[in-house]
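Here is how the chains run, residue by residue.
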Amino acid sequence: MLTKEENEKLTRIEGEAPMGQLVRRFWLPFLLSSDLPGPDSDPVRVRLLGEELLAFRDTSGKVGLVDPLCAHRCADLFYGRNEEGGLRCIYHGWKYDVTGQCVDAPTEPKESNLKLTARLKAYPVVEQAGVLWAYMGPSDLTPELPDFEFMHVPDDHLYASWSTQGCNFAQAIEGGIDTAHSIFLHSTLESHRKLEEFKKSTAMTNGSGSIPQGRYRNRDNPPQLHSVDTDFGVLVGGRYISGEAEDYWRFNLFYMPFYTSPPGGAGSKLVHAFVPVDDVTTARWSFTYNLEKPHAYRDVMAMRGGSGVHVALVPGTHTPLRVRANNYLIDRDEQRTLSFTGIGGIGEQDFAVQEGMGVIVDRRRERLGVSDGGIMQMRRRLLKAADDLEEGVEPREASHGSVYRVHAGDTMLAADVASWPDDPKSKAALAPKW
Amino acid sequence: MLTKEENEKLTRIEGEAPMGQLVRRFWLPFLLSSDLPGPDSDPVRVRLLGEELLAFRDTSGKVGLVDPLCAHRCADLFYGRNEEGGLRCIYHGWKYDVTGQCVDAPTEPKESNLKLTARLKAYPVVEQAGVLWAYMGPSDLTPELPDFEFMHVPDDHLYASWSTQGCNFAQAIEGGIDTAHSIFLHSTLESHRKLEEFKKSTAMTNGSGSIPQGRYRNRDNPPQLHSVDTDFGVLVGGRYISGEAEDYWRFNLFYMPFYTSPPGGAGSKLVHAFVPVDDVTTARWSFTYNLEKPHAYRDVMAMRGGSGVHVALVPGTHTPLRVRANNYLIDRDEQRTLSFTGIGGIGEQDFAVQEGMGVIVDRRRERLGVSDGGIMQMRRRLLKAADDLEEGVEPREASHGSVYRVHAGDTMLAADVASWPDDPKSKAALAPKW
Amino acid sequence: MLTKEENEKLTRIEGEAPMGQLVRRFWLPFLLSSDLPGPDSDPVRVRLLGEELLAFRDTSGKVGLVDPLCAHRCADLFYGRNEEGGLRCIYHGWKYDVTGQCVDAPTEPKESNLKLTARLKAYPVVEQAGVLWAYMGPSDLTPELPDFEFMHVPDDHLYASWSTQGCNFAQAIEGGIDTAHSIFLHSTLESHRKLEEFKKSTAMTNGSGSIPQGRYRNRDNPPQLHSVDTDFGVLVGGRYISGEAEDYWRFNLFYMPFYTSPPGGAGSKLVHAFVPVDDVTTARWSFTYNLEKPHAYRDVMAMRGGSGVHVALVPGTHTPLRVRANNYLIDRDEQRTLSFTGIGGIGEQDFAVQEGMGVIVDRRRERLGVSDGGIMQMRRRLLKAADDLEEGVEPREASHGSVYRVHAGDTMLAADVASWPDDPKSKAALAPKW
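Chains as they are written, first to last, in this note's numbering: chain B, 1 to 434; chain C, 1 to 434; chain R, 1 to 434.
One chain only, chain B, in its complex shape (with noise of 0.2 angstroms):
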């Protein structure tokens, strides 16, 4: 649990919020570029840590993320002409570049200067993976982009998507970090049975290939956790005990500060982003890649849909189908016969738990388990470097992209390997090296 106090610096993101700054240091995942698709293509709203903003690609193709309001007179540049190398307001005609300069105020005599001291608020933006990143920190500290294995795979081999999501930020990575809940949250009944078979059974496989956790789960008792500062963020080892001469260890990892990678399936690797939109809503982003083959067809096809963690959305919006007004369109026929939840989407799953707690949850309330050191690692890393930031100390992870080259993944280790992430030869490979 945390204090109230710990709770708002947690999770606050807006205006002057310690945790914003903090955010405000990193590059930030915004849009994908096919929501800009082309030259002078429509521009599109954005908010981003509770300021709403306007994205528009220019002729040349260089993306602007401006203050939406005309420096004139405030009209909105959402209803603005994309043309000729600039964003044009459909007031009086005042346009500007993707800079935020403007360059054209049609309604002020030639002699005026006022256009070469009118401006828009605009923040950098980088392109990179076919996604867009902005920047909206002090000038003089651009950070690193993180220097994820998806930055470099060939486009075909990346599928990313991103949704809302109505809740904090920060319960939005506590499920992307959660080791524990994969088991129930996304199994289905038959799993269970598998399981429960399993446990009765001397084998030691239960024959089920979909979740490889089961395997190797102990027989009375749940994976031990074990996790551990790094120099990107933290690792969460979770070792389920076979009983012989070696353990099965998945290790899932929460890099700064917002993005989360689970152990994924044979090729297929996952990295999720949880962006802050403001205090109550987050933009979750999903990055599905495979280091050595293209994506199939009918698998993007099935992404675009929904399929994985991938979520179904309104056509035409990053705005999901299934939504709490809705009850995430549960299905309890589904629920009693099928799946452990009776809701579609694994997304959808983790929207049910993550935003059924309330918009900013109250962490005075949770009692928190041995499956949660994970969790309680990840805010004390969080709050520890916006602690830092008040004082004066930038967080070391913006400026070294390199951390970021690390994906999650499992492992068998020695079973007298007791606690490997607690060793202290292992801690010290693994502690930040600066």
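Hints listed in this document are in silico derivations from the structure and should not be mistaken for laboratory results. Among these hints, one or two may not hold up.
Treat identical chains as interchangeable: a pair holds within one or across any two.
[As the list claims (entries may be wrong)] Simulated crosslink set (DSS-like; lysine-lysine; CA at most 27 angstroms straight-line):
#1 LYS4 <-> LYS121
#2 LYS121 <-> LYS384
#3 LYS200 <-> LYS110
#4 LYS384 <-> LYS194
#5 LYS199 <-> LYS4
#6 LYS199 <-> LYS110
#7 LYS199 <-> LYS121
#8 LYS110 <-> LYS194
#9 LYS110 <-> LYS293
#10 LYS384 <-> LYS4
#11 LYS199 <-> LYS293
#12 LYS110 <-> LYS9
#13 LYS62 <-> LYS384
#14 LYS293 <-> LYS121
#15 LYS62 <-> LYS194
#16 LYS425 <-> LYS199
#17 LYS425 <-> LYS384
Being a predicted model, the structure only gives us computed values, none of them experimental.
Fit chains C and R to the given chain B structure using the hints.
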């Protein structure tokens, strides 16, 4: 009229408000048994006195009314699995019985004691007369159920329904105890024409059976109201002066803390309950029962559709079809040619006037007349009981369910019994016995 | 720009706000006569200056504008019966005439005086030019009606309409008085192409009749604006320098406290009113009239559908079809190929820019240019009048309806009359005479 302070005390029932504390001393009807139709049926969200709750029926048929957020990490148990003997959270599989006790915490090691100390806030529930009743007060002060007649009739002699109403409970009660409004709000233009004819004639009855008050109505004046405190609440007597040897009297009842009853038609009797959902929302209950015979099937069908005092609902919900946002589907042509209001349904007519005042009416604005005597008496009774409770005096009605064994009615009384309820002898007979 | 305090004073009109008090000194158009089509027609909800009101037309055709809550128990008289000579409450049958006086209280005994003292707050109403006008100020200061030309034309020479607008009245007025926006906001791409050709040519006119300003537009610069205080409000002159013997001038008018008028086309003239509904909502009125001849039937049909400055409405309401929530149904293809905005309708184009600023624009953010001189003058005029009233000086325009006998227009003036409105002689001619 009430002062601002009196009005606040009369109406506020959330949190620590004195009137809310008073209401918590009584059993509260909160769902029909059929809202939780069978063992392990779907959980149902409940809101009472401003608290979000969750009701579920377990495998043995017992009903729990609990905090909806899991004691572990606050996931919403509404999405939970109603399994063998309890409700299981979809996030990490923690399970609770109807008392709120955690009975399984599968993410914890066997040796953990966490599940023993993990429990949800839960309120006692009893089931009687096809209705679920909750008690939200101190555990050492559990009240008696109000021993209404309808608590004891055979199942098919009682039809109960409830619907949400968009205003504070006190102004709903005021509508229930208001004896003067029926011949306006619930009348037809035909009944008014007949009454006008009757006033001009010398006949003793106007031949209309549909509005009993009208038959004996004073030709020039409305009925005289007399109200008196009783052991169950307030009795309001309306005397219709006939000018002959006997006068016609009607008695409406207010039972503490939120029940009312009007005189019924032949055989059929009626009790209302106005249960506070929150400060600005009320659950209006109607109990239509017959001591002598079952309701005919066609009458049950009609009541389900919204006939009589029952309210037409959005299918599958307890939300009225006719609400303020759609002006109760008022039909102005019908209002000009057929009914006094043009609004279909007695309950909906009540809603139009009660909700139309605003969610909490400002009683500084009202101008009470002689027809409002019962309402004033009811307010004084509630305010006195709330004051008493603040000084440590518990409401006696709560521990005396037998005082509810009285029903409304009408009768003829000798005209020289000028004001029966004001008579010292009847006053003594009616006064609370403690 | 304005300071925060000036902006508050300019925009706030609810409760005791000084600008609201100023507006209350004037007659306010609040409904079309046809909104209350005949004797005893349906009552209509009205909201003015943040007050909830109810309008009804009685049997004799007189219109009442009253508090909507019954003086007895505050039931909503919107559901009332509009009967012979008054509006009767559906709850207990109390009845009120158009002055708000209770004329029947049937739940009271004959001898009761309650009905004599029971009355609703009511505001005086007059009906002229097919419009209902209310006065909400002190009863001893009843103003004169503004004596606009359209108050006197035959019925079929005038077409009036109104629609709600989701922003403060001051930014709506600013749009009305803004002379510079038409050749952008309300233009077609064809007109821009012609203007560009004209700028490059030596011809005196570009052959386009649809944008008169364009014909005489300075080839390199926008028109010079000159604004001056007058007895009715502010006159804004725009000088289009031709480079020849005569210049083209257009005069836009702002009349206190919320009217504007642009120069019309041949014959047809236009006055707007922007009546404060509340701080964040405005009723935009458009009076299109012709001194010489009736509107053709086809033009009336077109205006009803939303042509010209009139707004396309949700049938049976005064709510626009195109609103911010649906992005005014902007058509991006049309914006690229046909019109400057892609938004259908002149009124709707105004709404897009005026509402897009936010419901009350933060005028600290704006950067006013030479084209905004009229707006600055209008603000000063309103702020001065509100300040004066706070010091007890009543607005003179309210008691001098005749000052409204002036319409907007355009003319040719000798080029050596460099700045006609700034000329001491014309300034003296235009200045308020008191």
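Homo-oligomer pair classification [LYS4, LYS199; C-alpha up to 27 angstroms]
neither (42 angstroms within a copy, 66 angstroms between copies)
Between LYS110 and LYS9, at a C-alpha cutoff of 27 angstroms, which is it: within one copy, between copies, both, or neither?
neither (51 angstroms within a copy, 35 angstroms between copies)
Regarding LYS110 and LYS194, is the shortest C-alpha distance of 27 angstroms or less found within a copy, between copies, in both, or in neither?
This pair counts as between: shortest inter-copy Cα distance 21 angstroms, intra-copy 79 angstroms.
Reference check for the pair LYS110 and LYS293, CA-CA at most 27 angstroms: within, between, both, or neither?
neither (58 angstroms within a copy, 43 angstroms between copies)
Identical-chain pair category, LYS425 with LYS199, by Cα at 27 angstroms:
neither (34 angstroms within a copy, 78 angstroms between copies)
Classify it for me, LYS62 with LYS194: is the Cα-Cα distance of at most 27 angstroms met within a copy, between copies, both or neither?
Neither way: LYS62 and LYS194 sit 54 angstroms apart in one copy and 31 angstroms across, limit 27 angstroms.
Checking an output row: LYS4 and LYS121, CA cutoff 27 angstroms. Within, between, both or neither?
For LYS4 and LYS121, only the inter-copy Cα distance (21 angstroms) is at most 27 angstroms; the intra-copy one is 34 angstroms.
Given identical chains, is LYS121 near LYS384, meaning Cα to Cα at most 27 angstroms, within a copy, between copies, both, or neither?
Answer is neither: 30 angstroms inside a copy and 34 angstroms across each miss the 27 angstroms cutoff.
When no copy is named, should LYS199 and LYS110 be tagged within, between, both, or neither for a Cα gap of at most 27 angstroms?
For LYS199 and LYS110, only the inter-copy Cα distance (14 angstroms) is at most 27 angstroms; the intra-copy one is 83 angstroms.
LYS425 and LYS384: within-copy, between-copy, both or neither at 27 angstroms Cα:
within (24 angstroms within a copy, 73 angstroms between copies)
One pair to classify: LYS62 and LYS384, alpha carbons no more than 27 angstroms apart. Within, between, both, or neither?
neither (37 angstroms within a copy, 48 angstroms between copies)
Is the C-alpha distance from LYS199 to LYS121 at most 27 angstroms within one copy, between copies, in both cases, or in neither?
Cα proximity of LYS199 and LYS121: none, with 61 angstroms in one copy and 34 angstroms across.
In this structure, the earlier hints numbered 2, 4, 5, 7, 9, 11, 12, 13, 14, 15 and 16 are contradicted, and the remaining ones agree with it.
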